[in-house]
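Each chain is listed here by its residues.
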Amino acid sequence: MPRKSTAIDMTAMCDVAFLLLTFFMLATSFKPPEAVVVRTPGSTSTKPIPEGFILITLDKDGRVFFNIDDLNAKRAVIEQINQEKGLGLTSAEMQSFVIGTDMGVKFSQLKSYLTLDGTQQKDFAKTAPGIPTDTTADYERNELAFWLATTQYHLPKGRIAIKADGAAAYPEINKVISTLGKLKLFRFNFITDPKGIPPGTALYEEQMVGTKAGH
Amino acid sequence: MAEIEVKGKKGNPRIDLTPMVDLGFLLLTFFIMTTTMSKPKAMEIQMPYKDEKLTQEDQNKIKKDEALTILLSKDHRVYYYHGIGDDPANPPKVEVTYFKDEGGIRDVLIEKKKSVQNLISQGVLGAKDRVAVIIKPDVDCTTDDLINILDEMTINAIPVYAVVDITPVDKEFITATEQANPTAQ
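Note that the protein sequences, when read in sequence, are chains A and B. When you read off a place in the first sequence, starting at 1, and then add 22, the result is the number in our numbering. When you read off a place in the second sequence, starting at 1, and then add 1213, the result is the number in our numbering.
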């Protein structure tokens, strides 16, 4: 009997491979888009970001943006702010806040910001002035303090995470840290890029001991 | 190797697609791996409890021999001096360095730890005394500098450190050192 050819047609396998590839490339960008691109500095810390955090974003020009991970708390916060500041937000606008991304406008601009739809908000965020912040404890001028105080009321155990751009000048990050200090929030996290532990240092030795002990 | 046979077999080019599938799976694996690994990490910070009434007492608790003051300035420069610089009659020797792996601030910190260890074994400092680093960022340093110095604290296992406001005295130290070394490397 003549030998049959053993060559397999690989086109189907190739199709599957590229389909899977495309799926993963697209699926990884499903989280809500960030309003502001920030390059975080590197650190050797390997602690993962805690769940349910309050995110303060500081871009390189010193603009402050605010976001809360927990959507229920976010809704409670916007409702209380609406009431206390008398912003006159409709429930549609409050919903836009809850599902929206980082917010960086003053209270006076908040209503007009929330009437915009998703893509318009993203465009606006590029030139948004950021939340007014300074080193005082004056809730009228330091709006970030007002946001944080209201959020603390609804999320007393909320972890604070600061995502600051590496090129942001120190006075700007000092304003955020002072604001937290005035609210007696002394424990917080900086979001950083992972960095390898340099060999020969004390931390490296600790890590070696840790892995040898099989922890 | 992909072969495209032209002569001989008319209109019947045969291409071996195996390497294309290999590439496809390689790219796939690459994307799966990199998207999980690039999760940003969080750095835990504990700022000193700032009660306006307490700061003077806190400052006095740090002993001069165990203290190292670090001033962060522009262009990622790191000025440092031993002690807490509170004696106007004896200005400390201020030196400048950078965030390098070799010959930078890390070596200074390792040296300081060793010298404090020596002082403890000689009995000059108590057994419970540790290196204390006071970090004073100047207005023209960046967040990168602040995070880098805090990271160096963790890398070198420095147990006691604090970020405090820079004083006019320290700013004078910086300008004096800058004038003394106009072409600092």
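It should be emphasised that the hints constitute simulated quantities derived from the structure, not laboratory data. Just so you know, not all the hints are guaranteed correct.
What the hints assert, rightly or not - Residues on chain B that point at chain A, a partial pick, calculated with CB under 7 Å:
1. Ala1255
2. Thr1355
3. Val1382
Every value quoted in this text rests on a predicted model; they were computed, and no experiment measured them. C-beta: ideal position from N, C-alpha, C; glycine also.
Hints and how they fare:
The criterion of a C-beta within 7 Å of any C-beta in chain A is met by Ala1255(B), whose closest approach is roughly 4 Å, and the hint holds. Here the hint on Thr1355(B) is kept, as its CB sits about 6 Å from the closest CB of chain A, short of 7 Å. With a cut of 7 Å, the hint placing Val1382(B) at the interface with chain A is violated, because the nearest CB-to-CB distance is about 18 Å.
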